[in-house]
Each structure stands twice: as C-alpha cells, then as structure tokens.
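Just need the whole structure built from these sequences, with the hints factored in.
Those sequence lines, one after another, are chains P and R. In terms of my numbering, the first sequence has 137 at position 137, counting the first letter as 1, and numbering is strictly consecutive. In terms of my numbering, the second sequence has 104 at position 104, counting the first letter as 1, and numbering is strictly consecutive.
Treat the hints with caution; some may be incorrect.
Covered, in the sense of this in silico footprint (three residues per stretch, anywhere, with C-beta under 8 Å from a C-beta of chain P), are these stretches of chain R [unchecked claim]: (1) 58-72; (2) 138-147; (3) 268-279; (4) 362-376; (5) 569-575; (6) 580-586.
Chain P is nowhere near these chain R residues, computed Cβ spacing over 10 Å in every case [to be verified]: (7) Gly225; (8) Val485; (9) Gly535.
These are calculated hints, taken from the structure and not from any lab test. Every residue gets a Cβ at the ideal spot worked out from N, C-alpha and C, and that includes glycine.
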Amino acid sequence: MARITELLVNGGRRRIDVDSDRTLLSVLRDDLDLTGSKFGCGEGQCAACTVLVDGAALKSCLTKVGAVAGKHIVTIEGLAPEGKLHPVQQAFLDADAMQCGYCTPGMILGAVALLRRTPSPTESEIASGMNGHICRCGTYPRVVRAIQSAAGKGGRA
Amino acid sequence: MKRRDFFAVLGGGIVVLLDDEIYAQETGGPRRGAAGAAPVEIGAWLHIGESGVVTVYTGKVEVGQNARTSLTQAVVEELHAPPSSVNIEMADTDLTPFDIGTVGSMTTPRMWPQIRRAAAAAREMLLDLAAQKWSVNRDALTVADGKVSGGGRSAGFGELTRGEKWTRTIPASVPLAEATEWKTAGKSMPKVNGLAMVTGAHKYTYDLTRPGMLHAKVLYPPQFGATLLSLDAAAAEAMPGVKVVHEGNFVAVAAPQADTAAKAVAALKAQWKPVTAEADSHSVFRYFKQTAQGGAPAGSLTPYTIAYIAHVPLEPRAALAEWEGDKVTVWTGSQRPFGVRSELAQAFGIPEEKARVIVPDTGSGYGGKHNGDAALEAARIAKAVGKPVKRNWTREEEMTWAYFRPGGLIEVAGKAAADGSITEWEFHNYNSGGSGLQSPYSIPAKKEQFHQSKSPLRQGSYRGLAATANHFVRESYMDELAQSVKLDPLEFRLKNAKDERLRGVIVAAADKFGWKARRKTAGRGFGIAAGFEKGGYVATCAEVNVDAKTGAVKVLRAVVAFECGAVVNPEHLRNQVEGAIVMGLGGALFEEIQFGEGKIVTNRLAKYRVPRFADMPVIESVLLDRKDIVSAGAGETPIVGIAPAIGNAIFDASGKRIRRLPLMA
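Below is the structure:
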C-alpha cells in the first residue's frame, strides 16, 4: 500500500509514515497530536472534523490522507500561530458562541472558509453555508452573529 | 484528598471547608470506603495558596452548561479576586468532595451558594490575617482586586497566606448577601475557558493519551440481549500488536493504533444466539400499556405518544483507563464521576479509594452521560492487557449502546366549564416518567399518575426528563379544552393559572410575541404553552408555517419567557434558554429512534436528523430576573415548552391536532 511520508500542516512540513488510505482526521489526531480537529460522527454529517485544505473547508473524517499530500492543511491549532486570535475566533468568544465547545474548532474553520467564499454573507447564506455543522448545545443563533460580526472585522483574513 | 494532606498537596495557605450536613443527607453522602478522610458532610472546599491563586474543589462537572464560569463568579463575588486568579478544580474523585452528580439542574441552587459561603469565609480569614500581621483594626481593612488594604498597607492574597496552614470549617447555613447587593454575580461573565475552546487547546476525554496506550474496540452483539455462542479470533490475533480479550459475553480487541483495532474487531468471527424482541418502535406504545402497573381503562381517554430519542452528545462516550498495581485511574466524560467510581469498585471488587475518576470538561451530556459504560470497558480491557487503554465510542455505538430518553404513552381527559375553568383533569403517563406530571394550573379535581412499564430499550435521563413529554401532552390538551369552550388559548391559560410566577411568564411571553396583535394568514399558525419544572417557570410562543400541499412545517419564530429566580449570569442564561429551544426543536419535530428485532435502525446521523442551522427560527428570550427568589438551575426547564407551542401552532394553522412526538413523523 502506498505510504504518505510528509504533510504540509499549519505552515510546516510534518514527517509521518502512514498508509495513504488512513483518514486525514486520524493522522492529524493520532500521529500529529493535533486533537483540535474533533471526531463527531465519522460519516461527514457533523463537520466537527473540519480543516482547511488549500483554503477550503474539508471534512477530514472522510478525506483519505493520500488525497491531501502536498496540499496546505490548516487545523484550528494553526489558525492563530502567533498567539493573536483570528477575527473569527475572537468573534466566537465575543458572542459566547459555544457551550461545550466540542463543535467549535470545526465551526470556526467552516466559518473562515465561508467568509473566504462570501465575505459579507447574509443570514440565510450563513445558514446554508454552515448547515453541515452540528451544534447539539444549540448555539446556532450565536454562531450566525459571530460570523456576521467577524465579516465586519476582516474575518476573511 | 485527606484532610491532613491539604497543605502537603496544595502548599501553604488557607483552606475553607464547607460543612453541609443537609446536602450530605440529601445526596446520600459518600459511599462506603470513600477516598477522602475529610468529614463526610463536606460539600466543597476552597484553598488560597501562597501564589495568591484561589482554588475551589467541587465534584460538579462542566458539560457546556457553564458551571465553571458561574462558580468562578461565586468566588469573585465574595472574595473580590480577579477571575483569572480563580481556578475551579472539578470532578476528580481523589481531589474533590463527594457529589451526587451534575444532574437535575442542582448546581446553581445548591453548589453555587456553597461556593459563595466558602469564598466569603476565606475573605474573613484574609481580613483576620491582615489585622493580626499589621496590628491594625479589622474594620479599617477592605478587600478588592485580590488585595487586602488598610492602615496605609496593602498586600495580595498570596503574600498574606504565605507560611500559613490555617483551616476553617464553616456551616452551610451562613447567611449570604441578597441578590440585590450582588456586584459580580447577576452580570454576564464570559466563559472562563473560552480561549481553550476556540484555539482547540482543550483536551476532551476523546483527545487524551497515555504513554504505551492501546486503542480498544468492543465486539457488540448484533441484537440487544444476544448471547455469544462461539468466537474465532484467530485472524484478529494474527494482526501485529493486537490483543483479544474474551470474558464470557464480553469480547474486545486492543491495538497500538485505532485503525488496527477497528480492523481487528471486524476480523472477529462470532456466532450469536438470536433473541426475539418483544416490541418495535411501532408496537411499543401498545406494549407500554400492556405491561404497565395500573392505568386507565382502555379507550376512555385521549392517547398521545412520545418516541424514544437519543442525546447525541457531539463527543461520543469515551474513557482512558490505566492500572497501577491494584488501583485504576479512569478519565471519562460523565455527569456522575462518583457514580462511575462506584461502578468501577463494584465491577472489579476493589474499595472505592482504589478507583479514581477524572472528568475533563466534556463534549456535552444532556443527561445522557450518567453512567460509566466506556469507563468500565476501558478499565476491563486495560486490566486484561496490562497497559493503559483508550476506548472511544463511535457515533453508531453511541446511538445504539448508550441509553435513550424514554418513549411513552400518555392518556389524558378533562373538562372545562363555559367560563373556561377546568373542572376535571385525568392524566396517565406510561413509561416516560413522572417529572412535570402535575399540572401547574388550579384544578379542583385532578388525577395524575405515572405507570411504570417494561421498556424494550435501555432508557435513562435526558435534559428535562419526562417534563418534556408531560408538558407536551398537557399543554396540547389545554388547547383542546380551550377549543371545546371556544376560548383563546392565552385567555384560557390565564383563567386557570393562579400561581403568580406562572402568570408572569405567560404574560411576558405573550407580550413579547405580540400574541394579541397576531394576524392569521393562510398556512400561518400561532401557539402558546407554559409550565413549571425544577424551580423554573417557562412560557413559549411559536409561529409556524404549514405548507398546504406537503404539510411540511417550518417554525418561523419562537419567544420564550423564563424565570428561575435571581439571574446569576444573564448572557449564559440566555445561551441556555436558546440552546434548549434549539435542542427541543429536534424532539418536537423530527427526532425519533426507530427500532425493531432488537436493533436500532436510526443508528447514524445520516438516519437520525438533529436540528441544524437551516431549521432555526428567530429565537427571542425574555429573562424575568426575580432578585427576591433564590436562583434555580436553568439547563433543563426552558426545553419543555417548545414542542407543545409548535403543536398548538400547527393546529392553529391547519386545524390538525397532532398527538405524537415527534410532530412530523
């Protein structure tokens, strides 16, 4: 079976040695200790595992690691590399857009990707753009507010 | 932690122990062989160390309800220390006092005032210390911003407690300042560990590892109750690093990598003895009535049905277990760490002090994580393989082998006089539970009974318990009665509501919603529902659109008025109220566990629909802050009104009375 020996993650080259058919989520979590990407369902239904690949949101639980070799992967740990929060992270804090926080990393990365596609989304564009993300605590209205607020503060960055 | 160990473990400083005999009695106190040698009735303790850090020890857990934040507020309120200097040590059975569990919305009414009392006592100790050290009159001293000042001097808490080893035990009956006097409490404080959530730094149980750890999978039977006839584990055992554990009906595998463990469990060849299931999701309501103890005569009342639903916490059950000699430590997401400790002690025949349960802040629970299923599995496999073992449940396992909110059959009858007064009321709940069974309206002749039945599925707690089912039926039937005497649903409720707090939320919700000014148009409907549960009052109004052709329902707007006494943290209360409405939408509209032949059919998120962004109505909340009433918990009660408000709105829109949950089945 083909092996993958390197991933471009959060701006760095990470050495690994894994089967190419492993899921990206399991490699990030188990081999690279990047546990900010969450396992929620393993069937692409909840988007807690969302990461950015070349700037677009991808469900890492359904993505084979072989498919993203050589591409630029950003996980939640890489969104604020200098310790300065990304505007979307700050907006989630300001809006208290979380309760248990388990969906939050995926939500934030999904929101970053949404704002890249649609810099000033309407409420219904946010709802349809984020509809793949599940928050069981029910913070959806706050997430919508956070994304609107981030859109006004350079959340696209 | 043993009392004499406090200062050895924590370093010098001062300690306040809160002696809460009433709480200990209510909660049953620590079980036999409890680990701590601290007095059995200690409900919480607080330490101020030489670095100035204030640490509170409580057996409560954080599952997203923001108890960590509200308990921090309790400390800041009394001790006037900056929130960043307060550390809440939660749910570690070796370090924190016994606690019955984070259940029943009890953290705010019971733990919150305890922590305030402990913090207030610590403040007095700091004043004593400063007065003594500086030889000044105590009355000349003030405490603010983590410092004691007066007589021309000022010192931080750490400086004052340096070199001290002073313990004070206080009774839980110490009077506290009224809510009208609050400085920090009653205002919004952001989630204290929000930063760890938005950066992905927080480690949930699912994320934890230990050196040398193996990942484990359990081979579950194909049907509930099936027994193992034979097992061929040769292929699994031949895989590198794989260990197979086989003890009676229990079969598991462990491997250094999670995906190897998954492959190994798939390679097991097992034969199971099939079982004949007694009921499926269609026949179960009849089954409840057949197997019930008591009940109403057949056909005499109006039946409503309530489906089983799943909690679907986004973090599935998980546990990490490690044995050191005869002592086991388990990290797991549970709402009852001490209950899990008891389960471990019982399962392995060890004293409770030989089991330590640690609960990291957990990816939610909603009443679904009361027991130690994953903890027991991990500990059992870890013991067998002699290494730390991680047991992360998959979504399918979570949706099959956890427990469910009970399904139920509810039968109801009643009569209203021409003026709208309810004269008779009869209400029978089969299987779903007794919470919220009693009508909060004033009715002269009432009969309200819960009948235990057999449940074909494993069932247990859920946010709001049976209050959701009982409120759904009662408030739906209230509208049926209002209709029978041609009264407006709001008017009918106010006619029968004598409790002023109940009237308060009904009027507040109706006003905010614009009930009286509502305009009926084709397909549009409006509904109202109200109730009381766990010390809180709630009224909910909903506006829906029902598609004339398809019957599809879209909830457009929901207004909730909630009153739970004095509000501790308005923003987090609002977050709970909104969250309860969102979660409640699922059970109201479409969540339903389908099962048959001893199997769960809806065992994945692709088959079990939960609320999403696109399902969101406009949600507005009205918080009635009653500073004259002791704060009650708020995690559960706001959920109970949404289903009947929607059901009533659907009737208003379409003339169709739907007597089942979910409404859209």
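Against the structure, the hints:
no., hint, verdict
1, 58-72, "holds (count 4)"
2, 138-147, "violated (count 0)"
3, 268-279, "violated (count 0)"
4, 362-376, "holds (count 4)"
5, 569-575, "holds (count 3)"
6, 580-586, "holds (count 4)"
7, Gly225, "holds (26 Å)"
8, Val485, "holds (36 Å)"
9, Gly535, "holds (21 Å)"
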